[in-house]
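Could you build the full structure based on these sequences and the hints that come with them?
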Amino acid sequence: MYALGYTFLEVIFSSLSTEESSTRTSQQAFKRLLEEVFELDLAKLREYCAEEGDWADAVGFLDERSGAGWDLLGDMLRALDDQQRLGLPSAHKLAQHIFL
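For the sequence shown, the positions run 340 to 439 when my numbering is used.
Hints listed in this document are in silico derivations from the structure and should not be mistaken for laboratory results. Mixed in with the good hints, there may be bad ones.
[Claimed, not checked] Label pairs and their calculated CB-CB ranges:
#1 Gln367 / Ala389: 20 to 26 angstroms
#2 Ala389 / Glu359: 17 to 23 angstroms
#3 Asp396 / Thr346: 17 to 23 angstroms
#4 Glu386 / Ala434: 20 to 26 angstroms
#5 Ile437 / Gly392: 32 to 38 angstroms
[Unchecked claim] When the alpha-carbon atoms are kept at most 16 angstroms apart in a straight line, the in silico EDC-like pairs for lysine to aspartate or glutamate are as follows:
#6 Lys383 / Glu358
#7 Lys370 / Glu403
#8 Lys370 / Glu359
#9 Lys383 / Glu359
Each residue gets a CB set at the ideal place from its N, CA and C atoms; glycine is no exception.
Dropping the structure here:
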């Protein structure tokens, strides 16, 4: 779910940006922003994105239904912490299961 969160960001911002898809809307760019610059603070990431004029539609989309898109994103990104804390196997490990 964690990796899907960054895919979610890339798809939304690449699709709804007024500029062509670029490295600015890549998963790696959002990962760096969220984890290194904003220290996992989604509110700060949202504020930063809202100040980028060409991302207004993407921010507006995530803001719909009282910020439900941002909430979903937060849940996806927290899944890694939950997985590690609870000792749950990763999707990669499950895919290597002998049954499969």
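So which hints don't hold here, by number, going up? As far as the earlier hints go, 4, 5, 6, 7, 8, 9 are violated by this structure, in ascending order.
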